[in-house]
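*Asks:* Take a look at the letters that make up each chain.
Number of protein chains: 4
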Amino acid sequence: MQRKALKLAVIGGGSSYTPELLEGLIKRYADMPVRELWLVDIEAGKDKLNIVGELARRMVAQAGVPMEVHLTLNRREAIAGADFVTTQLRVGLLAARRQDEHIPIAHDVIGQETTGPGGMLKALRTVPVILDICRDIEELAPDAWLLNFTNPAGIVTEAVHKHSRVKSVGLCNSPLAFTKMLAAEYGVAEKETLPEFVGINHLHWVTAAYVNGEDKLQELIARGASHTAANVKALDWDPDFLRALGAIPSYYLRYYYMRDQMLADMKSALAADGTRADIVGRVERELFELYRDPQLREKPRQLEQRGGAYYSEAAVRLMHALYTDRRDIQTLNVANDGMLDFLPADASIEVNCVVAAQGPMPLRPQRVPESIKGLLQAVKAYESLTVEAAVTGDRDVALLAMAAHPLVPSVAVAKALLHEMLDANRSYLPQFCGDIALETGANDR
Amino acid sequence: MQRKALKLAVIGGGSSYTPELLEGLIKRYADMPVRELWLVDIEAGKDKLNIVGELARRMVAQAGVPMEVHLTLNRREAIAGADFVTTQLRVGLLAARRQDEHIPIAHDVIGQETTGPGGMLKALRTVPVILDICRDIEELAPDAWLLNFTNPAGIVTEAVHKHSRVKSVGLCNSPLAFTKMLAAEYGVAEKETLPEFVGINHLHWVTAAYVNGEDKLQELIARGASHTAANVKALDWDPDFLRALGAIPSYYLRYYYMRDQMLADMKSALAADGTRADIVGRVERELFELYRDPQLREKPRQLEQRGGAYYSEAAVRLMHALYTDRRDIQTLNVANDGMLDFLPADASIEVNCVVAAQGPMPLRPQRVPESIKGLLQAVKAYESLTVEAAVTGDRDVALLAMAAHPLVPSVAVAKALLHEMLDANRSYLPQFCGDIALETGANDR
Amino acid sequence: MQRKALKLAVIGGGSSYTPELLEGLIKRYADMPVRELWLVDIEAGKDKLNIVGELARRMVAQAGVPMEVHLTLNRREAIAGADFVTTQLRVGLLAARRQDEHIPIAHDVIGQETTGPGGMLKALRTVPVILDICRDIEELAPDAWLLNFTNPAGIVTEAVHKHSRVKSVGLCNSPLAFTKMLAAEYGVAEKETLPEFVGINHLHWVTAAYVNGEDKLQELIARGASHTAANVKALDWDPDFLRALGAIPSYYLRYYYMRDQMLADMKSALAADGTRADIVGRVERELFELYRDPQLREKPRQLEQRGGAYYSEAAVRLMHALYTDRRDIQTLNVANDGMLDFLPADASIEVNCVVAAQGPMPLRPQRVPESIKGLLQAVKAYESLTVEAAVTGDRDVALLAMAAHPLVPSVAVAKALLHEMLDANRSYLPQFCGDIALETGANDR
Amino acid sequence: MQRKALKLAVIGGGSSYTPELLEGLIKRYADMPVRELWLVDIEAGKDKLNIVGELARRMVAQAGVPMEVHLTLNRREAIAGADFVTTQLRVGLLAARRQDEHIPIAHDVIGQETTGPGGMLKALRTVPVILDICRDIEELAPDAWLLNFTNPAGIVTEAVHKHSRVKSVGLCNSPLAFTKMLAAEYGVAEKETLPEFVGINHLHWVTAAYVNGEDKLQELIARGASHTAANVKALDWDPDFLRALGAIPSYYLRYYYMRDQMLADMKSALAADGTRADIVGRVERELFELYRDPQLREKPRQLEQRGGAYYSEAAVRLMHALYTDRRDIQTLNVANDGMLDFLPADASIEVNCVVAAQGPMPLRPQRVPESIKGLLQAVKAYESLTVEAAVTGDRDVALLAMAAHPLVPSVAVAKALLHEMLDANRSYLPQFCGDIALETGANDR
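For the record, the sequence lines run as chains G, X, U and S.
The first sequence begins at 132 in my numbering and counts up by one.
The second sequence begins at 132 in my numbering and counts up by one.
The third sequence begins at 132 in my numbering and counts up by one.
The fourth sequence begins at 132 in my numbering and counts up by one.
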């Protein structure tokens, strides 16, 4: 069947990731012709947008595909009539991330971009901006798919499902990275593998790992096979624990299962190199130096060391499956609706889905270890309270959310952290600090 | 990847359907090499087995594939080491079906092979035989898949899930027939369609009908598009009712929604031509005449008029997906496990599944009309009681099952029907009538 | 503790039942001082209101309690500031009931006041009137309890819970009648018994029957002990069926379990004496003759033959427990909220409750026989659709409701019945027939 | 009605609590004649049994009731034919408790009798002994009620429900203490109050506090009203947090909500006075000095300072309600069965129940704050894993349980604690350390 050409709007288009996304779109152009690519950013990100935008145009020209690259600060223009909208924005830029990491550590609590108090503040800053984007989509592109890559992706996706009519999916690179590791481990193609993921964003467990129909999970556990990412310290799992668990935890689960060691490690890393925000800041500066080079006509290798590997591949794969009715299995953040009966129906969960033209259809996990349910429920309770706090700006609910987080050791610490972090973020939290104008959608994730 | 050659055991191999199955296996041989095909039957079906078996051998020779066709009365020999076991048996042969149809009609109740009192008695006869086969599989081929085509497929599948460790799936031709109708209606390939089925075997509703990602359901309802089968009278649906319902009912639902007309029609048909068993008996005699012809080397056209269209296609497609880890979407009978939260967790349901090497993974239906739940729950309650009655031989439970069936108008009629039908079937119901030896697995379905 | 004097508003106060209610209020006056009794009726019921009201005043004078009896056609005046509001109204009076009974029987379907098509039409007439009353209560007496005795009490109660904020409970006399039968059977006081009821209004089963802590259910079943009411023909239960069931069905369940016999009996009764509406009409005329007698100063004996025995006792007992924080166990219609997990959370159910000052708290039934769930679910599905139809006036939903009722044999019959009955009731169904003014709250139940 | 005289077996009868129980039984003798009281203990507790037993006999003589007090080391003799069996035993005596408290604190983890690692080890020691008692009851007194007061009462009750057919209830004094505080606060009788408890043993929240039908919860929160017990340090709740929560937490919840302060406090208390076990040891020695006095003929005042206030009152009240079919509301540990739909069906929960002769019937809580669910689910997950570990002796499951506890900061700490504590308890853990004979049922709780 003949399919129509596409319009894609990228909110936070000035991000250093954009060249990777470009590369993916160019590769799939024959199958999925993105005729109009709109890179949107805010005033504060204008320079980066221009640098990245020019590189994008050079890449398109080099590849010889008829893709138009539009650069704009006018979000509504970009969204109008779009088929897909992706978000890769960071409200408050790296400076805000830096605070999310530093303040908790000063209270002896994990300070991390998506996990713990840092993730909560990021959610409080981000949810209102994303819901604002949803209002535009509802008005200007009601049939568009919103593909959300903005962290904390689980909380953001849940907020969108609860407070908007936009068709949306949340996405993380980590399941794809595991799949690639599995395929490499057994020397097979990715499509010959089928790992089963159970959980929520950044808190999932692999509970089966099929390779050509045979479950290799026990073998992987025995081998100590694992995977991690640039942003999470790769401490080794206790082999007795993994065997008892009968599942492979997401690398983010180190913040829970190895809380003390991870915190100690964070503290010494902070003393040496600063936090992850500090490192990413340096990497980004180097990348934009490269992007400026008018001779550069393709994605530079160095981007692969940026972290967030496979994000763009995951994004393009999802768009492609929705566009072509591909019906392959992808691991996505979707509404629970009874799929995991021990979590609320309106929670977002991260599970395998079949992606058809009408959207992702979740597959029921075949096995959920009893021992993971308690932690999942506790973190999901924190997440749902955070959605409510982000939408209402109710400080009582925010306190309940912070105190409910398993990494926060007491109500007293929760209260101190909340007070200090709300204050540090006041320019980005109009719902809590009503006198402040909202700065939307900065570009670096 | 290199895959091993297969052994397939067909219980009730002397059935008139076997040539269709053969045709399918031969077509797919390159992809799915069934090296050993074992056709099993019982002493009473020996002649038919030989006729069908010889035709099968001629078909294989004609096609030039290296498939060995074994004919045997020794079920255990056929099952030992099999990769797939299929069942297409009829306990009590057409004579029992005839009673299932005639006795209820004499009490002014729908008399049908799978629906109502007839279906219940067929279940009581069949479940013990299938569970006996499961015992053999557990012992002799514990990794084999049991593909159950024997009606009432929903009840039989539920009995297997509840009372055996065998990996099993239940299968019906009706969803495939709908898919083909949908593709034909829109002039597209089957794989461009995706109808969504919600319900249980012979009691499902189509609640969405995607064609290249667009839902054509309302359009189909407005057009009065429908489909039916040789064994169910194609009375027209009330268009107001279908519009109110917002779903397309399985043709078997005519027995409920048009009970009075269907019963009236059955009575006049019975007076004219006898019941469906009588008609099938004539068709089968003609088919076996054809099969006997040593010049016949392929499936005869006339088989297509037999009813049960696409059964073999559905069967071969399922085997193929399991064998090749195909991950396409098929509509199957599987354990509910919370997929339809208004039915018991251990009930069998009929829904879309992704079929991977490790088995079918059900997809959560996206919408379940409120108005179909009551009938589904009522019939499922009857089904679960029937499973219990079939396994225990408890007449009290059998009475509760019969009285629970929505087509049975009162306890008094239930009691009369049960008494008369148990008596008529006593040679096939050792669990109720303990003094009788069990006759297993006759061949015609 | 000192409790305040009460104001009670009785909507449909001109009903022939009122003297029984009076008797109960007078008896409990010391414990529960109803200082103001407001009997409300509509213009069409003015004469009856006056007759009953005068009798009420004579009864109060005779008893020497300081209760003021107010008669009014102004509902808002009666409701303003009330502590309790009770409803005992019949929209369309006995003439409408007569149609509810006659029309279905002409189509070979059970014609009954609360069960089947008759009950559905009564619900369609009644729900809007009750919700109108709720609007008044929300405005004029937001802390009042609405005690709903108007049938079909389960549907009406569900409509109130779904579409109003009024605190309300539905009530039926039948559980109390069973309790009295049980106490009499064992020669003990009522409070020494504890029957357990599971189900919904007019469709419950007794699943335990404690007498001083010992469950006598099996014994009762073996004895054939049962109870019934003036309005339901007391055909004998099949003893084998009851034993298999392991529960005692409500007498209304005869319409389901003995559908054919009950229908046959209805037809011959209709030929002989007319339907129940005809009989009640004659009884009421006789009662009002008696009430007119200025010498009558107490409830006449003859009222006890009217049917609806113990209604007033049940009503007064409920008010008394709410008023005195009594915490005794009463069987009431309340929101399900997960108490019966096989029915929707927002359904009304009829179960044992502890009645404290803040309201009834349902007790989880200890055992629910599997064999009753299917019928309960099917009838509840009909009820929930009926609530929706009554509130929206959507004919499509009304057709789904009628077709969903287990006593309606086909969609064709459902459609014919619906058409004929909506037409016959058009003056009482403004939501379906928008051009018609609504006649509210007539007085005879 | 005439009720039969009773036999009561008290396992761990040599406990210092026994005189309080005696006092309660004597007071209620007229209503609930315990004719035979059997105090059972083990060889190691023989001396205490004799001291307490002699005091019991003097108390009975003084009161002039015809109660026979039997002292025995033969548990089976005591249980045979009993109507009630109560357990107030401590496996490993105070020495084991001392380890439960000391070892975790050395790892910077809360060390407490029922909460955290200490509670887990107490469960591992206690569950096998209680299940052993259940075996005796099943054989020798199948109709008896087992009233379990042995901590951790929630886990022990869940183990009994999962692994025995004995009718049993778990009991804690803390809800009764709250009720008394509430009545005192408002100057009303206990029966005029109705606090609503939601949760599990030692982890409940008060979500409503009715006084004569009016909910005083917000008022209590605003006043900072609270209650505590001798064994839990009464740190003040954060008023902002309580207001946000909208519920009053059990005093045991301080270990979670104030983890850091409670731990700090424990450490300094340990340095000063030792742990609670050390204190209780001193109190007990003093009590037994008093009990020895042949002039003592009633419960000494000093016992009230022992901690566990109202335990005996709660126990006698429960027995009395079961015996007299009283149907009052008591807060008990019972099987969940869907009452709290966010916890497993087979979990034990602590909620209000109506206590009738046939047993306690749970009342559905009217409101469950979202913010308490996550913690409840996490702790219940730990509890259910602990039951499994206690019954199977599987060290993998024990590790999962320990790591699942919200107060344990990492898998590494969980592993270290488990190793050290299993080793310290090896004489009481035959299921883990198979070579060791089981010491059963010591007497002091």
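These are calculated hints, taken from the structure and not from any lab test.
Don't be surprised by glycine CBs; every beta carbon is placed ideally from N, CA and C.
Hints are not guaranteed to be accurate.
To be verified - To give an idea of the interface, some chain U residues facing chain X are shown, with a C-beta separation under 8 Å as derived from the structure:
hint: 1; residue: Val191
hint: 2; residue: Ala365
hint: 3; residue: Asp367
hint: 4; residue: Asp369
hint: 5; residue: Arg374
hint: 6; residue: Ser515
hint: 7; residue: Ala543
*Asks:* Taking the hints in turn, state whether each one holds.
*Replies:* Now for the hints, and whether the structure bears them out:
1. This hint is violated: Val191(U) has a C-beta 48 Å from the nearest C-beta of chain X, more than the 8 Å allowed.
2. Here the hint on Ala365(U) is broken, as its CB sits about 16 Å from the closest CB of chain X, past 8 Å.
3. At its closest, the beta carbon of Asp367(U) sits 11 Å from a beta carbon of chain X; the interface hint therefore is violated under the 8 Å criterion.
4. For the restraint placing Asp369(U) at the interface with chain X, the shortest Cβ-Cβ distance is roughly 5 Å, inside the 8 Å limit, so the hint holds.
5. Against a cut-off of 8 Å between C-beta atoms, the interface hint on Arg374(U) holds, since the closest Cβ of chain X lies about 7 Å away.
6. Nearest Cβ of chain X to the Cβ of Ser515(U): about 7 Å, under the 8 Å cut. The hint holds.
7. For Ala543(U), the shortest C-beta to C-beta distance to chain X is roughly 7 Å, which falls under 8 Å, so the interface hint holds.
Checked against the numbered hints listed earlier, the structure breaks hints 1, 2, 3; every other hint is satisfied.
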